[in-house]
Amino acid sequence: MSDINPMSIALKNCAKTFADGTRALEPLDLSINAGETVVFLGPSGCGKTTTLRIIAGLEEPDAGGQVLFDGQDVTQIPIEQRNVGMVFQSYALFPNMTVAENIGYGLKIRKIPSAQIKTRVGEMLGMMQIEKLANRKIDQLSGGQRQRVALARAIAVRPRALLLDEPLTALDAKLRDTLRLEIDTLLRSLQITAIYVTHDQAEAMALGDRIVVMEHGRVAQIGKPRDIYQKPSTRFVADFIGTMNRLNGAVRNGVFTCRAGDLHWADAPADASEILFRPEDIRVTDSAEASALRGTIAAAFFLGDRTRLFVEVGEKQPLVVESTVRRDFSHGEQVGLSIDPRGIMIL
Amino acid sequence: MQRETRRLILLLLPAGIFFSAFFLIPMAELFLIGGTGKDGWMAYTAIITNKNYFNSLLATMGVAVLTTVVTLIISGISGVFLQRNKFPGNGALVAMLTFPLAFPGVVIGFMVIMLAGRQGLIGQVSNALFDEKIVFAYSLTGLFIGYVYFSIPRTILTVMAAAEKLDPKLEEAARSLGASPWRVVTDVIIPGLKPAFISAGAICFATAVGAFGTAFTLAARINVLPMVIYTEFTLAANIAMAAALSFVLGAATWIVLALARTAAGGTVAAAG
Amino acid sequence: MHKKLLFNLQLGFTLLVCAFLIVPVVLSIMAGLTVNYIVGIESGLTLRWVMEVWNGYRGTIFLSIGISLACLVCTLVLGIPTAYVLARRQSALSRAIEELLVMPVAVPGLATALALIVTYGGLSGFRTSWLFILVGHVLFTLPFMVRSVLAVLMAIDLNTLEEGAASLGASWWRRFRDIVLPNCRAGILAGSLMVVTLSMGEFNMTWLLHTPFTKTLPVGLADAYASLRLEIGSAYTLVFFLMIMPLLLALQAFAQPRINKFVPEDDAQ
Numbered sequence: 001m002s003d004i005n006p007m008s009i010a011l012k013n014c015a016k017t018f019a020d021g022t023r024a025l026e027p028l029d030l031s032i033n034a035g036e037t038v039v040f041l042g043p044s045g046c047g048k049t050t051t052l053r054i055i056a057g058l059e060e061p062d063a064g065g066q067v068l069f070d071g072q073d074v075t076q077i078p079i080e081q082r083n084v085g086m087v088f089q090s091y092a093l094f095p096n097m098t099v100a101e102n103i104g105y106g107l108k109i110r111k112i113p114s115a116q117i118k119t120r121v122g123e124m125l126g127m128m129q130i131e132k133l134a135n136r137k138i139d140q141l142s143g144g145q146r147q148r149v150a151l152a153r154a155i156a157v158r159p160r161a162l163l164l165d166e167p168l169t170a171l172d173a174k175l176r177d178t179l180r181l182e183i184d185t186l187l188r189s190l191q192i193t194a195i196y197v198t199h200d201q202a203e204a205m206a207l208g209d210r211i212v213v214m215e216h217g218r219v220a221q222i223g224k225p226r227d228i229y230q231k232p233s234t235r236f237v238a239d240f241i242g243t244m245n246r247l248n249g250a251v252r253n254g255v256f257t258c259r260a261g262d263l264h265w266a267d268a269p270a271d272a273s274e275i276l277f278r279p280e281d282i283r284v285t286d287s288a289e290a291s292a293l294r295g296t297i298a299a300a301f302f303l304g305d306r307t308r309l310f311v312e313v314g315e316k317q318p319l320v321v322e323s324t325v326r327r328d329f330s331h332g333e334q335v336g337l338s339i340d341p342r343g344i345m346i347l
Numbered sequence: 001m002q003r004e005t006r007r008l009i010l011l012l013l014p015a016g017i018f019f020s021a022f023f024l025i026p027m028a029e030l031f032l033i034g035g036t037g038k039d040g041w042m043a044y045t046a047i048i049t050n051k052n053y054f055n056s057l058l059a060t061m062g063v064a065v066l067t068t069v070v071t072l073i074i075s076g077i078s079g080v081f082l083q084r085n086k087f088p089g090n091g092a093l094v095a096m097l098t099f100p101l102a103f104p105g106v107v108i109g110f111m112v113i114m115l116a117g118r119q120g121l122i123g124q125v126s127n128a129l130f131d132e133k134i135v136f137a138y139s140l141t142g143l144f145i146g147y148v149y150f151s152i153p154r155t156i157l158t159v160m161a162a163a164e165k166l167d168p169k170l171e172e173a174a175r176s177l178g179a180s181p182w183r184v185v186t187d188v189i190i191p192g193l194k195p196a197f198i199s200a201g202a203i204c205f206a207t208a209v210g211a212f213g214t215a216f217t218l219a220a221r222i223n224v225l226p227m228v229i230y231t232e233f234t235l236a237a238n239i240a241m242a243a244a245l246s247f248v249l250g251a252a253t254w255i256v257l258a259l260a261r262t263a264a265g266g267t268v269a270a271a272g
Numbered sequence: 001m002h003k004k005l006l007f008n009l010q011l012g013f014t015l016l017v018c019a020f021l022i023v024p025v026v027l028s029i030m031a032g033l034t035v036n037y038i039v040g041i042e043s044g045l046t047l048r049w050v051m052e053v054w055n056g057y058r059g060t061i062f063l064s065i066g067i068s069l070a071c072l073v074c075t076l077v078l079g080i081p082t083a084y085v086l087a088r089r090q091s092a093l094s095r096a097i098e099e100l101l102v103m104p105v106a107v108p109g110l111a112t113a114l115a116l117i118v119t120y121g122g123l124s125g126f127r128t129s130w131l132f133i134l135v136g137h138v139l140f141t142l143p144f145m146v147r148s149v150l151a152v153l154m155a156i157d158l159n160t161l162e163e164g165a166a167s168l169g170a171s172w173w174r175r176f177r178d179i180v181l182p183n184c185r186a187g188i189l190a191g192s193l194m195v196v197t198l199s200m201g202e203f204n205m206t207w208l209l210h211t212p213f214t215k216t217l218p219v220g221l222a223d224a225y226a227s228l229r230l231e232i233g234s235a236y237t238l239v240f241f242l243m244i245m246p247l248l249l250a251l252q253a254f255a256q257p258r259i260n261k262f263v264p265e266d267d268a269q
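Chains as they are written, first to last, in our numbering: chain A, 1 to 347; chain B, 1 to 272; chain C, 1 to 269.
The hints are simulated quantities; they were obtained by calculation from the structure and are not laboratory data. The beta-carbon is built from N, C-alpha and C at its ideal position, and this holds for glycine as well. Where hints are given, some of them may not hold.
Some chain A residues near chain C, calculated using beta-carbon distances under 7 Å [as the list claims (entries may be wrong)]:
#1 Leu58
#2 Ser90
#3 Pro95
#4 Asn96
Isolated chain A, as found in the complex:
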């Protein structure tokens, strides 16, 4: 189903200051490859939606900023002529039209003959598996159904790129998981350039070929999901993505000494004072006595496939340990800890 011609998108020196003086975006340079799915990730107010709207043509960048589609400058072209498909957080489905009319609207604007519109709308309904909703009114649809209609409507016109603004935020958790999979499959089969905005890092990592992590109008890091997860470049990214453990201490002769005990770490840099590592890189050892690192169980949450432990070691925050050991842990229990040195990060 790749009758769509994907395009590359480039942003050059795009900044955005709003009329009331708010600086929503600092000058940004970004290159998006044709057919790639790029996710803008960050907390609210970080500028991700602003960036998306600049690409869409709903906002103009400050003077000097440029938006390029396949190398062509489209900065002065309004959204009506940019031929991008857009999916909104609130779906923006037209209440006065049925599902079929909504999906066919973009085609109607382009003056495509109605027989062809019918065919194309039929294709879209089939692709989204919503054939039986064709003649329903919008207010009779559930959230998930509306989302599918919004996607169908955006894709029906064969846009050069698909822009999605937090499309799953308004849905409940289970539905979000289902739709995330559907969107992923859809984007892959269409091979379309897609820009996806979200504040949910699990969603970002699942869907993105590359992730752009943003904070306060600036790019914090760009990279593949695995790189961002395993090699965060700033504290912000480290904290925002997944859970991060911290230990403070000092290195002497290949041993990192901290409140929890001694960590034998052959490649320890001499000046390391704080180490970071993920919950899956630390485990509970068989017996407390034999371990150089020790802690006290503050809380244990059985999650079915694993147990999440909060271990007090005298630091400000307890350590989070994801344990697959099949036994019960009790509050106040003394445990031994072992950290995999390959997962240690220093910022």
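Mind docking chains B and C on chain A? Use the hints.
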């Protein structure tokens, strides 16, 4: 988006031109004319300095305040009652109470005469019972009744809309803390309805102050400001004074509504 | 038991209030249909007075209807674009515009009419035509149309819908035709009913603005009350009720339904 702003201004132009030509400019004219009479600009203080005008001001305010208080009490009780109790016939009662919404003041004046005029129903009933005809249509009392009559439909709608938005959980919380039904009314319901009462009361007051039709029908003897303005204009041909008085009246009414709007938040609507 | 008593007291009170409002209406209607009001209903029922009114005041009645319809057209043309602008930009300026629009409603009709007379009274052609009255009516009813349409536009998140349509390539005019207008149909209808009803019943302004050749229904009523038999005045009132009742009923029917459409749960679908 410059394009967009230009378009919006263009769309606003027809209404803008109409409004400026037929309201803003005339109002300015009115203001200026008010100062051209034999008293000059002192005409604008005449409402306080001139004894007759001042008395009519007091009468107008008095009737308006009384109307507002009585109407709010009536609408408060009935409005909240109808909003919260679903029973067969509820809809019919609401329909009956909001029916007279668009009756002009003249018709209401006429109905007051039907009730309390020389051949009125009340007069006939009292004549039969006490051998004395009670007639009060042609006085401030009659005016008051008329004002209450047309104020009830308007205020009751506002009260009912506000009562609908009251969160029952607040009352449940009060009850769980031990409040008696009466305390729930005074501590939760009435404060919750306060914005509605303020805005409805302001509309009621402003409408009563500026109402003309009812007083006109009940005879020109009634000394309220709109009638005074009217007589100055038509009988005394004292255009300047009429202009000054009506400008003051208009400004005062608008200020009352604006104050109430900021106190209550939301839009208000007054009508003749 | 306490609850029941309270309920009954409130019900009784409400019924009294209803009676206060409805009985005079019934009285007026009856008076217009009795042969002789002073004698009362024993004198018999007749349509004589109603026919007299119809014959004598047909012109007035038609003028009222005509002005109301003209008023409707004007408020649609002036009001819908205004509501659109106010819905698209919610700022201090748009709130100021709303305030401004409401002024002819807040200010006593007398003042508005006087202002019109002192400004345009000299233009005798304008002053003696029904257009003069129309202007007053439009000033008074415009905010109701604007508010009605605005309420609907705000409820549908106009900006996002327009962005959605724009992203699909629709020009502004297309968006206005396909998205904005169809979706404020309910607001337009409610506003229209309100405008026509208010225009039919407007008196405060019209009394000053009218001339013997441009009388509207309420003006005719005032004349009748003052100078004619009670029966004619009542019959005239009856005709007025007959004209305005369908409008009021339509307004009420319109305001009531607040259907909460059932939104099905998401399961496998």
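Structure-based check of each hint:
| no. | hint | result |
| --- | --- | --- |
| 1 | Leu58 | holds, 6 Å |
| 2 | Ser90 | holds, 6 Å |
| 3 | Pro95 | holds, 6 Å |
| 4 | Asn96 | holds, 4 Å |
Hint check: no violations occur; every hint is consistent with the structure.
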